[in-house]
Amino acid sequence: MRVYLAGHRGMVGGAILRRLTARQEAGEDLDIVTRTHAQLDLTDQAAVRAFMADTRPDVVILAAAKVGGIYANDSFPAEFIRDNLMIGLNVIHEAHAAGVTRLLQLGSSCIYPREAPQPMAEGALLTGPLEPTNEPYAIAKIAGIKLCESYNRQYGTDYRSVMPTNLYGPGDNFHPENSHVLPALIRRFHEAAQEGRDEVTIWGTGTPRREFLHVDDMAEASLFVLDLPRGVYDANTQPMLSHINVGSGSDISILELARMVARITGYSGRIATDSTKPDGTMRKLMDVSRLSAMGWTARIPLEQGIAETYRWFLDNKTALRG
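If you want this note's numbering, it's the 1-based position in the sequence shown plus 115.
Any given hint could be a false lead.
As the list claims (entries may be wrong) - Cut-off 25 Å, straight-line C-alpha distance, at most; resulting in silico cross-link-like pairs (BS3-like, lysine-lysine):
#1 Lys-181 - Lys-432
#2 Lys-181 - Lys-261
#3 Lys-392 - Lys-261
Hint data in this document are derived by calculation from the structure and do not stem from the laboratory.
Just so we're clear, the structure is a prediction, and the values are computed from it rather than from any experiment.
Please put together the full structure from these sequences, using the hints given.
If you want it as structure tokens, here you go:
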């Protein structure tokens, strides 16, 4: 089976690649196809069409996306909606045009309304306004879900979508401005501990609650959903509400998270909050009962996962300077 994995150099794509490679080494008959951005620009429809026609994959896993934290999403909204819409449309449509009947696309929990009831069930999609700071990215990911469902409805394809909560782990982006909250905290508290600072200030009030999932758990869940027999997948979803939430099922306040990261990195100073900075959505907890009913639950505890991620950061920090 030839599998094209789009986005293999990203954090999630890298974790999926590790799992696919392990399957291959265990004797599974897999031909894993990858391309770097320099080799294939997924926003270029003609290039994607030629690639799909040439490689003819049996399965496509779409883990490629333009991603970032609150600062990046709020600063570059046009790029986030434009690039992610083009990536989703090009990969999904050209996969269909090349005869690919099985596809898995990865989205984000930001698809749900800002005021969605907690925990957020799949049925909350399109029931209210989105969080303004990442609305452009969310719109692109919602479009990806609806593309998959529409192709399934019209052409009988088997295109599935998984919506992860906040992800972290090896390969994360630790940039001081463009990263998500957890890697940003790891870097800031590590540097504060090394420099002996008395205080670290975090964005916002510290009261918003967030759910986190280790990227290795996400990779396992993604392949679990991809491998489900179609009858099982269809029996647990609806034709035009077919996406599946992936999360840990528990959340933590940003201030509690900061304290946990401080312990792990050895920082013992004061933690202050800056209420002039945006909090974003106050709570984002996923309802993972749909996936749990199909037989999958997360296995990596948050503190253990952060400690493992910090060790990876220490091993790779020289290459991460920026």
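Here is what the structure says about each hint:
1. Lys-181 - Lys-432: Within the cut-off at roughly 22 Å; holds.
2. Lys-181 - Lys-261: The hint holds at about 19 Å.
3. Lys-392 - Lys-261: Outside the cut-off at roughly 34 Å; violated.
Of the numbered hints listed earlier, the single one contradicted by the structure is hint 3.
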